[in-house]
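> Chain B: place on chain A using the hints.
Number of protein chains: 2
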Amino acid sequence: MNAPKIEGIIKAHERILGHVHKTPVLSSESINSITQSHLLFKCENFQKVGAFKFRGATNAVKKLSTDELSRGVCTHSSGNHAQALSLAAKQAGTKAYIVMPETAPRIKVNAVKSYGADIFFCKPTLAAREEKLEEVQKRTGAHFIHPYNHPDIIAGQGTAAFELINDYPDLDLIMAPVGGGGLMGGTSIAAHSMAPSMEIYGAEPANADDAKRSLESGRLIPSVNPNTIADGLLTSLSDLTFQILSDKLDGILTCTEDSILQAMKLIYERMKIVVEPSGAVPLAVVLEHPDVFRNKRCGLIISGGNLDLARFDFSAF
Amino acid sequence: MNAPKIEGIIKAHERILGHVHKTPVLSSESINSITQSHLLFKCENFQKVGAFKFRGATNAVKKLSTDELSRGVCTHSSGNHAQALSLAAKQAGTKAYIVMPETAPRIKVNAVKSYGADIFFCKPTLAAREEKLEEVQKRTGAHFIHPYNHPDIIAGQGTAAFELINDYPDLDLIMAPVGGGGLMGGTSIAAHSMAPSMEIYGAEPANADDAKRSLESGRLIPSVNPNTIADGLLTSLSDLTFQILSDKLDGILTCTEDSILQAMKLIYERMKIVVEPSGAVPLAVVLEHPDVFRNKRCGLIISGGNLDLARFDFSAF
Chain A
0 MNAPKIEGII KAHERILGHV HKTPVLSSES INSITQSHLL FKCENFQKVG
50 AFKFRGATNA VKKLSTDELS RGVCTHSSGN HAQALSLAAK QAGTKAYIVM
100 PETAPRIKVN AVKSYGADIF FCKPTLAARE EKLEEVQKRT GAHFIHPYNH
150 PDIIAGQGTA AFELINDYPD LDLIMAPVGG GGLMGGTSIA AHSMAPSMEI
200 YGAEPANADD AKRSLESGRL IPSVNPNTIA DGLLTSLSDL TFQILSDKLD
250 GILTCTEDSI LQAMKLIYER MKIVVEPSGA VPLAVVLEHP DVFRNKRCGL
300 IISGGNLDLA RFDFSAF
Chain B
0 MNAPKIEGII KAHERILGHV HKTPVLSSES INSITQSHLL FKCENFQKVG
50 AFKFRGATNA VKKLSTDELS RGVCTHSSGN HAQALSLAAK QAGTKAYIVM
100 PETAPRIKVN AVKSYGADIF FCKPTLAARE EKLEEVQKRT GAHFIHPYNH
150 PDIIAGQGTA AFELINDYPD LDLIMAPVGG GGLMGGTSIA AHSMAPSMEI
200 YGAEPANADD AKRSLESGRL IPSVNPNTIA DGLLTSLSDL TFQILSDKLD
250 GILTCTEDSI LQAMKLIYER MKIVVEPSGA VPLAVVLEHP DVFRNKRCGL
300 IISGGNLDLA RFDFSAF
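So the sequence lines, in the order shown, correspond to chains A and B.
Going by numbering that gives the first Met the number 0, the letters in the first sequence line up with residues 0 to 316, in that order.
Going by numbering that gives the first Met the number 0, the letters in the second sequence line up with residues 0 to 316, in that order.
Hints listed in this document are in silico derivations from the structure and should not be mistaken for laboratory results.
It cannot be assumed that every hint is accurate.
To spell it out: a stretch of chain B is covered by chain A in this simulated footprint if at least three of its residues, at any positions, have a beta carbon under 8 Å from a beta carbon of chain A; those stretches are [to be verified]: (1) 41-52; (2) 264-271; (3) 304-316.
Keep in mind the model is a prediction, meaning the values are calculated, not measured.
The C-beta atom is built at its ideal place from N, Cα and C for all residues, glycine as well.
Just chain A, with the same shape it has in the complex (with noise of 0.2 Å):
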């Protein structure tokens, strides 16, 4: 399994064009003036199925051919690329099968079921969570769609980057949160490639900081129990996107708890956007390491918006 290359981010933007949203770039007065830098957030969280998975399933399940097609697709998540997937499949006509922790979060759960798959849910290890999915592929014979140790999976969600950067090619940094790497990777790729110079960082909660301790130490180490509120980002690091993330990333910078809640308060009372605590996770970062973005224009992709707000404690807002 080889590393998508730009070719295949803009061939991943034409095949998804006017499938997915070409989603808004907001900025904040005020946040500007906080952090004292200019910062251009991708809002990923107005993407459909309100997150940036959407770009990945539909590029991945628009390259099946028809008879892959016709035994439905599966997988296993936490939640996002669940409905992802689960959107891809109804819009191509076929029947997806989803494997989620029962710990996920209501909204999404929900959510799945609206767009017709099967959920299956298991203990929230990625042992179960395998050992479940093995179970459903072999009964169903459906084509598993990894959530991001997959190239068709990692160019679709490149395409998020891509249309930032078209937009906005002077940027001098880009920054995305890292949870499996599908999106920081195809975000590597496209920017490494589009504009050589700009700086490119991964964002990660110090709680689930997998990603920062494996490209530190140069060999993949994952999470073990990584307790975090940023839900999206409970994943570790996969063959795959720890081979790109090491060749293309200029760092990986963390952020605490306490920072993600004053990054997602921050963009709730000032942008007036809802965002997931994953999605805040960039600007927590910000927040937390203001030299490395003073002064600078910085792309920050808010990676999605299902929060279940019922759930949620907004008492240390």
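Relative to the frame of chain A, chain B by itself:
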């Protein structure tokens, strides 16, 4: 005091151009599918200070003479008008003196402070507000800018509908929330003149339905202790706004507190934007009276997005 005409709104639009945001108009396929109508939301939650009120305040302050400006401006307001006048005064280089009920949301009090205004707290009754304001006015000589019983304020608020109808001249219907009637007044004057066949409705919580009762009985009936989560709509119509609304509206439609919550939930979850309860009242009305809106192109004004997230009870979502 006479009601403004469309010429006043056009002049207000020119006067405040470049000082206020031209706010975006958003729509949601899933909300359209639920309501079986085509809803276009004019997003004043993205306006400066997070609400349409900045339009009227900027217009009113810009019309003051140098002599009037030198003594500052004052008002009483439960929140958004206070922020709006404070920022408009700051931008005009003068002082704002704001009388606020001690029950005003913290987020709004903090915002007013951040714009450099002086705050005077009072009991949450109209009598207490007016008494405190008179005291402040006597001491400072500041010019009183009423939140809605003021032609320049009404003309300024009308610029939101003016922009919306300019961009979407084929709307069948327009609707805004009704509190004191400044936004609804300006909206109805703009719509009535620009598109005489457009239906014009006001949206009001059933728990604060003074405008509905006033229009139906033909005389001004103030609210007595209204109790609604739509904290921006607690005020009653004034002589001037009652006259405009009586003249221009097809009717006022009300909604329950449950519908307001349901509408907020839809806006947060489907559109991924932050609205305050008052801003969700027009959609709540659509949910409760679907027959009025079915298959029509409807412009709804989302009045603001200033919500004290830490205090709001999302558990009903």
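> State for each hint whether it applies.
Each hint tested on the structure:
1. 41-52: holds (count 3)
2. 264-271: Coverage by chain A holds here, the residue count being 4 at a Cβ distance below 8 Å.
3. 304-316: As far as the region 304-316 of chain B goes, the hint holds, because 8 residues have Cβ atoms under 8 Å from chain A.
Consistency note: the structure conflicts with none of the earlier hints.
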